[in-house]
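Engineer: Our numbering puts the first residue of the sequence shown at 1164, with every later residue one more than the last.
Treat the hints as calculated values from the structure; they're not laboratory data. Among these hints, one or two may not hold up.
What the hints assert, rightly or not - Using C-beta positions, here's what the derived DEER-type ranges look like: (1) F1342 with A1300: 13 to 23 angstroms; (2) G1444 with L1290: 27 to 37 angstroms; (3) R1538 with Y1347: 52 to 62 angstroms; (4) A1392 with L1362: 22 to 32 angstroms; (5) A1504 with R1234: 25 to 35 angstroms; (6) G1444 with Y1347: 57 to 67 angstroms; (7) G1444 with V1407: 17 to 27 angstroms.
Backbone N, C-alpha and C fix where the C-beta goes; we use that ideal spot for every residue, glycine too.
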Amino acid sequence: MTGATPVSPNPVSQPPVATAIGNPFSRPLVSPPNSPDAPGEISVATEIPVATLRTPKDPTEPIGIRRRVFRFIGWSIRGLFCIASLIALLAVLSAIPIFQLIAFGYLLDVAGRLTRGAKFRDSLPNLQRAGTIGLAATAIFVASLPTQLLVHWESVAQLIDPGSLQATLLRVLAFACSFAAMGYLLWAWVRGGQLRHYLWPQPKRFLREGWRPGTWSTIPDRLWDFTVALELPRLFWLGTRGAVATLIWLVPGMIIIAMNRNGETPVAGLIGGLALIAMGGVLLYLPMLQAHFAAENRLGAMFELRRIRQDFRRAPWAWLLAMIFGLVILPIPLYLLKIEATPREVLWLPCVVFVGFILPARVGEGLALRRARRRPDPSGLWAGISIWSVRVLMLAVVGTYLIFLTVSQFTSWDGLPTWVEQHAILFPRPFIGGV
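Work the whole structure out from these sequences, hints included.
Structural biologist: Structure representation (structure tokens):
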């Protein structure tokens, strides 16, 4: 019929959105070769709507400055806490007889690792485990505060009104708080003992897993594995051999003690003077011999004087710097803590200062010996001038140390034994007596 609109045999109603966009299936995806849109070539139809996808973040994209600052602050806090925990643990070990050999072995091991070429972050073994122990000790202290407060209130209530209901109630609350704190700490240790485990107890997980025996049965095995990883027997054996070899080198100090006790005679003065000179010669090489012994893990390495003299020739200035810190700057101020005796109950407190000063000295000695092992044999005029200049300066360094060591026999609480009990080369503790 003329003027009538033709009707499609299969009418399909399109939604308004499809009508506005156009039916993508009503035209070819590409224009034909001779089409006016792109004559002679194939082109993608511009009418096809293309969905834009969000580009994933490139993992190699540099991190923002703010995130870097926060990461550095977090890393610094964790590192400082681990180092502080390590120093505290070594101080406690240094204050206990026999166990002080473990602390001495650890200090030797630090110097030995650096001498073998280890990086600084690997030179402090078990640093992260020390942080875990320190965090656990801190958590125990904080968790015990409510119990201690309740116990104090209970004792006050008993003094005011013995056997009163308030005192009994406070005692029951103290027991309940103690058990609750114990369970809280055990649950944190089961999950790993990290800071986040102490701050958030994960109550849903506790309700789901806390009643299962398998959740708690792994604690003894994990504690044993943690203890074995500390390598305490190895450090004890290293410290024992190092202490014995060091005492052999300190025979001149024993002679000085014997001569002083025999009275002021000309012969005793002559022998004591010769022993003092011999002590100075020993101190020129003994700290580096200890680092070499720890690196080689051989008792005979403690007496390889020729090898150490060769190392000195390769890096004399590094050697001088390490000896200045190891014999003068760090150990000499500690003699002030040896004037007055410390009560046995708090002997570990000055040991914290001793370990905090001696540990950097051992690090410096290991770094100096590592530098010497990496450098070639010296040659040339400047090398000779450096070697002889440092030799003269080393006499001044050792002489300064001997002056303070001589004075300390009159000011130290132990007296004459200070010639042998030298914290710069032996145990980092102020007195011979233990807890």
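Engineer: Is 17 to 27 angstroms a correct range for the gap between the Cβ atoms of G1444 and V1407?
Structural biologist: Hint holds: Cβ distance 20 angstroms, inside 17 to 27 angstroms.
Engineer: Is 22 to 32 angstroms respected by the C-beta to C-beta distance linking A1392 and L1362?
Structural biologist: 25 angstroms, holds
Engineer: Taking the CB of G1444 and the CB of Y1347, does the distance hold inside 57 to 67 angstroms?
Structural biologist: 59 angstroms, holds
Engineer: In this structure, is the beta-carbon distance linking G1444 and L1290 contained in 27 to 37 angstroms?
Structural biologist: 36 angstroms, holds
Engineer: Quick check on a hinted range of 25 to 35 angstroms for A1504 and R1234, using CB atoms only.
Structural biologist: Violated: the Cβ-Cβ distance is about 46 angstroms, outside 25 to 35 angstroms.
Engineer: Taking the CB of R1538 and the CB of Y1347, does the distance hold inside 52 to 62 angstroms?
Structural biologist: Given range 52 to 62 angstroms: holds, Cβ gap about 55 angstroms.
Engineer: Given a hint of 13 to 23 angstroms, does the C-beta separation of F1342 and A1300 actually sit inside it?
Structural biologist: For F1342 and A1300 the Cβ distance comes to about 20 angstroms; the hint holds.
Violation of the numbered hints given earlier is confined to hint 5; every other hint is satisfied by the structure.
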